[in-house]
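Engineer: Residues per chain, in single letters:
2 protein chains.
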Amino acid sequence: MHSLQFTAESSSKGVVERDFVVGEVPGVLWSPASGADRAPLVLMGHGGGNHKRHPAMAGRAQSFVAGCGFHVAVIDAPGHGDRPRTAHDEQEVAALAAARAAGEPEGPGARRYSGYLAELAVPEWRATLDALQELAEIGADGPVGYFGINLGTAIGVPLVAVEPRITAAVFGLHWPDDLAEKAKQITVPIEFDMQWDDEDIPREAALALFDAFASTEKTLHANAGKHHDVPRFEVDSAARFFARHLGRVLTSPA
Amino acid sequence: MHSLQFTAESSSKGVVERDFVVGEVPGVLWSPASGADRAPLVLMGHGGGNHKRHPAMAGRAQSFVAGCGFHVAVIDAPGHGDRPRTAHDEQEVAALAAARAAGEPEGPGARRYSGYLAELAVPEWRATLDALQELAEIGADGPVGYFGINLGTAIGVPLVAVEPRITAAVFGLHWPDDLAEKAKQITVPIEFDMQWDDEDIPREAALALFDAFASTEKTLHANAGKHHDVPRFEVDSAARFFARHLGRVLTSPA
Numbered sequence: 001m002h003s004l005q006f007t008a009e010s011s012s013k014g015v016v017e018r019d020f021v022v023g024e025v026p027g028v029l030w031s032p033a034s035g036a037d038r039a040p041l042v043l044m045g046h047g048g049g050n051h052k053r054h055p056a057m058a059g060r061a062q063s064f065v066a067g068c069g070f071h072v073a074v075i076d077a078p079g080h081g082d083r084p085r086t087a088h089d090e091q092e093v094a095a096l097a098a099a100r101a102a103g104e105p106e107g108p109g110a111r112r113y114s115g116y117l118a119e120l121a122v123p124e125w126r127a128t129l130d131a132l133q134e135l136a137e138i139g140a141d142g143p144v145g146y147f148g149i150n151l152g153t154a155i156g157v158p159l160v161a162v163e164p165r166i167t168a169a170v171f172g173l174h175w176p177d178d179l180a181e182k183a184k185q186i187t188v189p190i191e192f193d194m195q196w197d198d199e200d201i202p203r204e205a206a207l208a209l210f211d212a213f214a215s216t217e218k219t220l221h222a223n224a225g226k227h228h229d230v231p232r233f234e235v236d237s238a239a240r241f242f243a244r245h246l247g248r249v250l251t252s253p254a
Numbered sequence: 001m002h003s004l005q006f007t008a009e010s011s012s013k014g015v016v017e018r019d020f021v022v023g024e025v026p027g028v029l030w031s032p033a034s035g036a037d038r039a040p041l042v043l044m045g046h047g048g049g050n051h052k053r054h055p056a057m058a059g060r061a062q063s064f065v066a067g068c069g070f071h072v073a074v075i076d077a078p079g080h081g082d083r084p085r086t087a088h089d090e091q092e093v094a095a096l097a098a099a100r101a102a103g104e105p106e107g108p109g110a111r112r113y114s115g116y117l118a119e120l121a122v123p124e125w126r127a128t129l130d131a132l133q134e135l136a137e138i139g140a141d142g143p144v145g146y147f148g149i150n151l152g153t154a155i156g157v158p159l160v161a162v163e164p165r166i167t168a169a170v171f172g173l174h175w176p177d178d179l180a181e182k183a184k185q186i187t188v189p190i191e192f193d194m195q196w197d198d199e200d201i202p203r204e205a206a207l208a209l210f211d212a213f214a215s216t217e218k219t220l221h222a223n224a225g226k227h228h229d230v231p232r233f234e235v236d237s238a239a240r241f242f243a244r245h246l247g248r249v250l251t252s253p254a
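As given, the protein sequences belong to chains A and B, one line each in that order. Positions 1 to 254 (this note's numbering) are the ones given, in order, by the first sequence. Positions 1 to 254 (this note's numbering) are the ones given, in order, by the second sequence.
It should be emphasised that the hints constitute simulated quantities derived from the structure, not laboratory data. Glycine included, each C-beta is placed from N, C-alpha and C at the ideal position. Any given hint could turn out to be false.
Stated by the list, open to error - Subject to a maximum C-alpha distance of 27 Å in a straight line, what follows is the list of computed BS3-like cross-link-like pairs (lysine-lysine):
1) B:K226 x A:K184
2) B:K184 x A:K226
3) A:K182 x B:K226
4) A:K226 x B:K182
5) A:K182 x A:K226
To be verified - Between beta-carbon pairs, the in silico distance windows are:
6) A:A136 x B:D177: 57 to 65 Å
7) A:K184 x B:K226: 53 to 61 Å
8) A:A99 x B:D178: 15 to 23 Å
9) B:E199 x A:A102: 23 to 31 Å
10) B:P55 x A:G59: 37 to 45 Å
11) B:L120 x A:E204: 34 to 42 Å
12) B:T216 x A:Y116: 33 to 41 Å
Please take these sequences and the hints and turn them into a complete structure.
Structural biologist: Shown next, in the form of structure tokens:
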């Protein structure tokens with residue numbers, strides 16, 4: 001087992017940001033600046049083609065840490081961010097770019113590549129969680145949530161299906177093809193985001209994936225608009241969802 | 001035009017509650033105890049077989065007034081609460097009770113009766129809104145929202161379709177049969193609640209009604225559970241929806 005090594009630290013607006021590595025996998029941990037007492041941890045998966053420091057990740061982390069007092073951790077998916085791309089990664093990325101340039105649907109390629117990435121990423125996330133829980137401010141028995149849409153769902157659904165330490169999750173924007181069978185194994189509370197006018201993911205496909213979760217508490221949020229138009233208020237909603245399920249009271253109106 | 005007559009007043013936990021009548025129609029207006037400055041108004045429609053003082057109405061009013069600083073008004077639907085039942089009302093209520101006793105679906109009777117009630121209730125709501133806007137603490141040009149699920153949607157959809165003063169609405173738990181054509185005339189922001197395992201309203205029917213709204217900003221909230229299991233956090237969500245659209249900042253985490 002690899003332990004977690006911090007490689008950089010900075011602080012802004014009450015949030016401490018620390019770069020880390022666990023083995024070969026680089027990540028960022030955002031934490032409340034005040035207080036070393038144990039707080040819930042939210043693991044966050046980034047979208048396809050993005051990385052751990054994408055503004056969407058940093059913005060959500062700011063909201064969750066400052067608003068809810070959580071720790072938030074993001075790691076780069078294989079072939080993303082600061083990680084090397086293999087020949088296979090290059091090939092899949094080129095195929096996606098070619099589909100986009102030709103005006104063809106990216107879905108088939110995105111599903112194939114994200115399924116490949118998920119097989120690599122699930123054990124990386126579990127090792128990262130092992131290492132994070134060694135930290136005194138997180139601890140081995142604190143509540144853990146997962147938040148990831150898009151590629152973050154392709155990786156998160158198989159992760160949550162096998163990882164009993166994760167007790168609440170926000171998913172969305174994906175197809176049921178490779179994920180529905182895994183979703184049927186998930187029973188923890190779920191919030192699921194879809195876009196009602198998604199140009200890539202048919203409405204029926206998104207509804208089928210939501211339907212597959214075995215969770216007795218699950219909520220679908222479908223917003224008018226296209227794939228990339230998920231409204232910002234869904235991040236606030238996710239923060240309240242985690243506050244309900246991970247047991248931390250909101251410190252400001254989210 | 002009838003003006004609004006107050007008939008009783010009480011106060012509790014920072015909320016003033018005033019009974020009123022507009023012509024033959026009785027209602028309740030809940031308002032913030034402090035400050036006579038103008039504040040947004042939320043009109044609230046009660047469910048079938050309920051009335052203006054049902055605990056669900058009083059609870060939501062408390063949340064909206066204390067949490068958001070809104071005024072909240074509810075009136076009794078025809079044949080409900082303090083209003084007389086006609087022979088036709090008695091007949092429809094008996095038909096619903098008979099269907100329930102026989103284990104038959106209540107949907108057909110509920111749709112027929114609620115369509116009848118909506119035709120009576122829409123002009124009553126418009127006259128009530130006229131009278132409420134005569135009050136100094138509400139005013140003629142302040143923002144107005146509407147919140148009603150179930151019978152509150154059967155009445156609210158045709159109301160919002162013809163009432164330009166209402167600029168945001170929360171609906172849910174109804175069939176598209178009589179409402180989809182009216183929903184197509186609605187363009188204001190909408191939040192729509194459905195139950196994923198509703199025993200009365202088929203999933204496809206609820207999705208079809210949500211789909212019918214012409215609003216460019218609309219959000220579907222589908223929760224696991226049966227018809228009467230709408231989670232309490234949807235009231236908090238509705239409060240935040242109105243705070244976004246009616247322009248009042250939340251005064252406490254909702």
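Engineer: Given a hinted range of 34 to 42 Å, is it respected by the beta-carbon distance of L120 of chain B and E204 of chain A?
Structural biologist: At roughly 39 Å between Cβ atoms, E204 of chain A and L120 of chain B fall inside 34 to 42 Å, so the hint holds.
Engineer: If I claimed the Cβ atoms of E199 of chain B and A102 of chain A lie 23 to 31 Å apart, would that claim hold in this structure?
Structural biologist: At 47 Å between Cβs, range violated.
Engineer: Do the alpha carbons of K182 of chain A and K226 of chain B lie within 27 Å of each other, as the hint requires?
Structural biologist: Distance ~24 Å between K182 of chain A and K226 of chain B Cα, so the pair holds.
Engineer: If you draw a straight line from the CA of K182 of chain A to the CA of K226 of chain A, is it 27 Å or shorter?
Structural biologist: holds (26 Å)
Engineer: Does the alpha-carbon distance linking K184 of chain B and K226 of chain A stay inside the 27 Å limit?
Structural biologist: holds (20 Å)
Engineer: Check whether the Cα positions of K226 of chain B and K184 of chain A lie no farther apart than 27 Å.
Structural biologist: Roughly 20 Å between the alpha carbons, so the hint for K226 of chain B and K184 of chain A holds.
Engineer: Can the suggested window of 33 to 41 Å be confirmed for the beta-carbon pair T216 of chain B and Y116 of chain A?
Structural biologist: 37 Å Cβ-Cβ, so the 33 to 41 Å window holds.
Engineer: Taking 15 to 23 Å as the stated bounds, is the beta-carbon spacing between A99 of chain A and D178 of chain B within them?
Structural biologist: violated (44 Å)
Engineer: Can you let me know if the beta-carbon spacing of A136 of chain A and D177 of chain B is within 57 to 65 Å?
Structural biologist: holds (60 Å)
Engineer: So the hint says 53 to 61 Å: do the beta-carbon atoms of K184 of chain A and K226 of chain B match that?
Structural biologist: violated (21 Å)
Engineer: Kindly confirm whether 37 to 45 Å is satisfied by the beta carbon distance between P55 of chain B and G59 of chain A.
Structural biologist: The hinted range 37 to 45 Å holds for P55 of chain B and G59 of chain A, with Cβ atoms some 39 Å apart.
Engineer: Decide if the proposed pair is consistent with the structure: K226 of chain A and K182 of chain B, CA atoms, cutoff 27 Å inclusive.
Structural biologist: holds (25 Å)
This entry does not satisfy hints 7, 8 and 9, going by the numbered hints stated previously.
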